[in-house]
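Peer 1: As a plain string of letters, each chain reads:
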Amino acid sequence: MLSGRTSRWLGAAVGLVYLFLHLPLLILVAFSFNASRFSVDWTGFTLEWYRRLLERPDILHGLRNSLIVGGAATVIATVCGTLFALALGRHRFRGRRTLESLLYVPLVTPEIVVGISLLAFFAALGVALGLATIVIAHVAFSISFVAVVVRARLMGMDRSLEEAALTLGADEVTTFWRVTLPQLLPGVVAGGLLAFTLSFDDYVITSFVAGSGSSTLPVVIYGMVRRTVEPSINAISTIVLVVTTILIYAADRLSRGGAAR
Amino acid sequence: MTSDHPLLEALCAGTLPRREFVRRALAAGVGGGALASLLAACGPAERGDETIPAELERNLTIYNWADYIGEDTVAGFERETGVRVVYDTYESNEDLIAKLQAGARGYDLIVPSDYAVRVLRALDMLAPIDRTLLGHWGHLAPGFVDRPFDPGNRFTVPYLWGVAGLAYRSDRVPAPDSWAVFHDPTWRGKMTQLDDMREVIGGWLLYRGRSPNSRVPAELADAKTDALRAKRNLKSYLSSPVKTQLIAGDVWIAHLWNGDTAQARMEHPAIAFAVPREGGMIYLDSMAVPRTAPHKRAAHAFMDYVLRPDVAATIADRTGYGSPNADALALQQRPVRMDDTEALDRLQYQDDLGEATALWDRIWTEIKAG
Amino acid sequence: MAGGRPLLRRLARWADRPATLLAPAGGWLVVFFLVPLLIMAAYSVMPRGTYGGVETGFTLEHYRRFFDPLYLDILRRTVVLSAVCTALCLVLGYPVAYLIARSGRWKNLLLVLVIVPFWTSFLVRTFAMIFLLRDTGLVNAVLLRLGLISEPLILLYTPFAVVTGLVYTFLPFMILPIYASLERMDGSLLEAGALLGAGPVARFRRITLPLSMPGVVAGCLLVFIPALGSFIPSDLLGGAKQMLIGNLVQNQFTAARNWPFGSAASLVVMAAVLVGVVAYLRSRDRAPGGGV
Numbered sequence: 098m099l100s101g102r103t104s105r106w107l108g109a110a111v112g113l114v115y116l117f118l119h120l121p122l123l124i125l126v127a128f129s130f131n132a133s134r135f136s137v138d139w140t141g142f143t144l145e146w147y148r149r150l151l152e153r154p155d156i157l158h159g160l161r162n163s164l165i166v167g168g169a170a171t172v173i174a175t176v177c178g179t180l181f182a183l184a185l186g187r188h189r190f191r192g193r194r195t196l197e198s199l200l201y202v203p204l205v206t207p208e209i210v211v212g213i214s215l216l217a218f219f220a221a222l223g224v225a226l227g228l229a230t231i232v233i234a235h236v237a238f239s240i241s242f243v244a245v246v247v248r249a250r251l252m253g254m255d256r257s258l259e260e261a262a263l264t265l266g267a268d269e270v271t272t273f274w275r276v277t278l279p280q281l282l283p284g285v286v287a288g289g290l291l292a293f294t295l296s297f298d299d300y301v302i303t304s305f306v307a308g309s310g311s312s313t314l315p316v317v318i319y320g321m322v323r324r325t326v327e328p329s330i331n332a333i334s335t336i337v338l339v340v341t342t343i344l345i346y347a348a349d350r351l352s353r354g355g356a357a358r
Numbered sequence: 119m120t121s122d123h124p125l126l127e128a129l130c131a132g133t134l135p136r137r138e139f140v141r142r143a144l145a146a147g148v149g150g151g152a153l154a155s156l157l158a159a160c161g162p163a164e165r166g167d168e169t170i171p172a173e174l175e176r177n178l179t180i181y182n183w184a185d186y187i188g189e190d191t192v193a194g195f196e197r198e199t200g201v202r203v204v205y206d207t208y209e210s211n212e213d214l215i216a217k218l219q220a221g222a223r224g225y226d227l228i229v230p231s232d233y234a235v236r237v238l239r240a241l242d243m244l245a246p247i248d249r250t251l252l253g254h255w256g257h258l259a260p261g262f263v264d265r266p267f268d269p270g271n272r273f274t275v276p277y278l279w280g281v282a283g284l285a286y287r288s289d290r291v292p293a294p295d296s297w298a299v300f301h302d303p304t305w306r307g308k309m310t311q312l313d314d315m316r317e318v319i320g321g322w323l324l325y326r327g328r329s330p331n332s333r334v335p336a337e338l339a340d341a342k343t344d345a346l347r348a349k350r351n352l353k354s355y356l357s358s359p360v361k362t363q364l365i366a367g368d369v370w371i372a373h374l375w376n377g378d379t380a381q382a383r384m385e386h387p388a389i390a391f392a393v394p395r396e397g398g399m400i401y402l403d404s405m406a407v408p409r410t411a412p413h414k415r416a417a418h419a420f421m422d423y424v425l426r427p428d429v430a431a432t433i434a435d436r437t438g439y440g441s442p443n444a445d446a447l448a449l450q451q452r453p454v455r456m457d458d459t460e461a462l463d464r465l466q467y468q469d470d471l472g473e474a475t476a477l478w479d480r481i482w483t484e485i486k487a488g
Numbered sequence: 037m038a039g040g041r042p043l044l045r046r047l048a049r050w051a052d053r054p055a056t057l058l059a060p061a062g063g064w065l066v067v068f069f070l071v072p073l074l075i076m077a078a079y080s081v082m083p084r085g086t087y088g089g090v091e092t093g094f095t096l097e098h099y100r101r102f103f104d105p106l107y108l109d110i111l112r113r114t115v116v117l118s119a120v121c122t123a124l125c126l127v128l129g130y131p132v133a134y135l136i137a138r139s140g141r142w143k144n145l146l147l148v149l150v151i152v153p154f155w156t157s158f159l160v161r162t163f164a165m166i167f168l169l170r171d172t173g174l175v176n177a178v179l180l181r182l183g184l185i186s187e188p189l190i191l192l193y194t195p196f197a198v199v200t201g202l203v204y205t206f207l208p209f210m211i212l213p214i215y216a217s218l219e220r221m222d223g224s225l226l227e228a229g230a231l232l233g234a235g236p237v238a239r240f241r242r243i244t245l246p247l248s249m250p251g252v253v254a255g256c257l258l259v260f261i262p263a264l265g266s267f268i269p270s271d272l273l274g275g276a277k278q279m280l281i282g283n284l285v286q287n288q289f290t291a292a293r294n295w296p297f298g299s300a301a302s303l304v305v306m307a308a309v310l311v312g313v314v315a316y317l318r319s320r321d322r323a324p325g326g327g328v
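Protein chains in written order, with our numbering: chain A, 98 to 358; chain B, 119 to 488; chain C, 37 to 328.
Because the hints were derived from the structure by calculation, they are not lab data. Note that the Cβ used here is the ideal one computed from N, Cα and C, for glycine as well. Take these hints with a grain of salt, some might be off.
Quick look at which bits of chain C chain A covers, simulated, 3 or more residues with Cβ under 8 Å [unchecked claim]: (1) 113–127; (2) 158–169; (3) 184–192; (4) 202–213; (5) 250–264; (6) 292–301.
Could you put together the complete structure from these sequences and hints?
Peer 2: Following this line, the structure appears as structure tokens:
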């Protein structure tokens with residue numbers, strides 16, 4: 098394939114890129130345990146900054162809001178997105194192309210446009226901003242992701258099992274429940290995890306449609322980043338990193354593991 | 119084809135929008151635009167309930183400047199009254215007004231500056247205050263009451279007053295005494311200005327002896343030139359977050375308010391404050407209750423709590439700003455008095471810009487984009 | 037089979053109709069995505085009130101105002117910055133995608149190592165950059181300690197920091213689509229090329245590269261579009277000294293309270309994005325190897 102020398106250079110170059118991607122985050126995590134507040138000199142290992150996070154009501158409040166919004170938005174987006182994917186994947190109907198396009202528009206719209214258009218929408222209708230408006234916004238941009246992931250899974254699914262079940266005498270309900278859904282489930286769960294991650298991490302759209310007392314964790318973190326550079330931010334960043342990594346790793350395993358079956 | 123990485127499919131699966139979609143979208147846009155205009159025109163004119171309930175509510179949402187309250191003020195209020203407080207912060211008057219205008223309806227108490235009060239009153243967004251619920255009103259010094267932006271204090275309760283000037287590291291730079299310090303390339307990359315349109319343009323207007331509320335295009339053009347000249351030497355535009363950078367030594371000269379400077383000085387003694395000889399901005403911040411506030415009585419309870427001399431004293435000590443509460447001054451450890459600032463005659467109040475806001479906004483965009 | 041089945045089956049059949057399946061998501065997208073965009077379009081042609089807000093009426097002044105050199109310059113600068121970021125991502129990302137596609141056993145591990153930063157919070161990654169590039173940050177500390185510099189380098193609050201931050205954020209968006217299209221490539225084509233006497237460079241240039249084009253273009257779009265609308269990097273990493281189109285729009289919807297002008301500016305940007313997407317479609321219709 099590639100000559101030995103070329104592949105070694107390639108390997109080195111790619112290694113550097115990987116380092117670029119990961120090193121800053123690892124450093125961030127490492128310094129969340131540094132006792133020194135302002136400088137990067139290592140003055141000792143401490144969990145002080147994590148402890149301080151627990152004392153901050155705004156962080157706990159933000160975390161609570163993020164979980165509420167994330168949970169609600171994930172459930173709604175996953176259900177809607179899965180149904181949409183099923184429609185696109187299994188049926189032929191008029192206007193199918195247009196609807197497919199409708200699905201993809203959120204993916205190519207800059208976040209700031211989504212945020213401000215929803216702000217204008219809520220303002221024009223006199224809807225008070227709050228947790229509900231955040232959920233609505235998050236569902237609006239997550240549906241497309243869920244639908245695309247589920248659709249991909251659907252396209253890769255083996256229909257022959259379903260056909261076999263139907264031939265053997267099972268009705269549509271049984272077939273769906275016991276053959277289709279289990280096969281589809283990894284994709285649905287992967288889509289759901291993605292939707293949750295998107296919601297949990299979102300700052301831009303949330304900043305426009307959040308109301309009083311409904312700050313989510315990213316909004317609180319943004320405020321912290323703007324105001325001060327101290328290890329508490331490293332600590333909260335580390336927590337967010339770990340949670341996200343776990344979720345995404347799970348989503349990845351689930352979506353891949355199912356395919357092998 | 120079976121994909122073993124559906125996550126990737128999420129990025130590049132299937133078909134993307136087709137051209138017909140583009141055409142249809144444009145058509146829908148034009149048609150829908152007309153429809154939506156109708157919708158938007160029948161905008162909301164929602165009024166909050168004007169009457170103040172007889173019973174104290176269980177919750178209160180406060181929207182205040184960042185770092186603008188005592189350490190224990192909110193907790194103390196919660197302990198005494200049993201009211202649960204949610205505390206949000208903002209960094210400029212413009213942010214406050216924008217948020218309220220955008221439909222954030224849950225705020226019970228806000229703290230606008232003098233000119234912002236004028237704007238909010240013009241927008242009819244403030245609820246009248248019931249003075250009978252404020253037993254501690256009498257502690258306020260007469261000089262801060264009945265100001266032009268709210269005659270008779272129908273809508274506001276004075277909170278803190280402050281000055282914008284130059285904060286600096288006395289161990290790194292000699293005391294600056296003029297706005298021109300920002301034009302000095304010696305301190306290039308070590309200086310910041312406030313990320314605030316009124317403060318920056320106002321400061322440069324003062325530099326040339328003009329009013330910081332000027333609406334004259336030629337004067338504003340000069341201010342823009344000065345600001346752009348300064349920008350070359352600036353590290354960044356930063357408001358109260360610059361405190362940690364002063365303490366850490368990343369910044370040596372900062373355009374900052376006196377109270378935030380005092381807060382920084384508590385962590386690093388070599389931080390000092392100076393008012394430029396050409397003049398600086400003075401302002402009075404007041405507590406107010408939005409019309410749409412859902413918990414008006416609790417808001418009044420909090421305002422009355424803050425009017426107590428001991429509470430006002432801790433707030434002023436913690437924030438480093440001047441208290442309009444005459445009886446609090448005697449209780450303070452680090453009082454800031456009106457007569458201490460012999461710079462008083464060099465200080466000017468900010469006023470509402472009215473129609474000239476658009477011109478100022480354009481100048482600020484030019485400064486930021488230049 | 038239970039007796040209640042027929043009802044359940046009727047229900048299932050109703051549920052399996054396209055209309056029912058599409059309704060929730062479709063309805064949500066129409067009401068909470070399209071309609072807001074239309075309302076924004078409406079606002080863009082209405083006059084602004086003195087203190088913000090809108091008044092009834094029709095005016096094209098906001099669009100006229102946007103086509104002023106000041107704002108077009110901001111747009112131009114944003115496009116250039118996004119293009120630079122996209123190009124850098126391409127240069128850095130293509131080799132990575134290429135290597136992963138050819139790495140056999142390690143493929144999944146390498147992929148996960150790209151996917152994880154891809155989904156990590158944008159704010160966290162921007163903060164990581166701030167932490168590294170400050171005057172008292174790690175990069176300067178290391179350089180000072182090694183004696184390579186005597187005074188801290190000004191890295192943060194510069195265009196360099198903004199570009200670095202953008203590339204850092206969007207690099208995975210470029211790697212993954214390119215990998216996807218490289219992976220689908222039929223290896224036998226390369227074998228055929230080798231049999232016909234083409235050397236490795238020629239094989240890459242004439243087989244691999246063209247076939248990976250759909251992925252390259254998808255990656256470029258996935259980087260360029262969000263970069264165009266971003267405002268946080270220039271705010272946090274640029275020291276609020278640079279105004280990009282995202283900052284301008286965000287400012288109009290917050291401090292400046294000029295929603296009509298902000299809407300007009302957004303729609304112009306959206307139109308520019310649509311042009312890009314249409315261009316992508318036309319290139320795809322002509323690209324060899326068909327769909328991605």
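Peer 1: Evaluate each hint against the coordinates.
Peer 2: Quick rundown of the hints versus the structure:
1. 113–127: violated (count 0)
2. 158–169: holds (count 11)
3. 184–192: Per the Cβ count (0), the hint is violated.
4. 202–213: Coverage by chain A holds for the region 202–213 of chain C (3 residues, Cβ < 8 Å).
5. 250–264: holds (count 4)
6. 292–301: Held - the region 292–301 of chain C has 3 residues with a Cβ nearer than 8 Å to chain A, which meets the minimum of three.
Going down the numbered hints, you'll see the structure goes against 1, 3, while the others check out.
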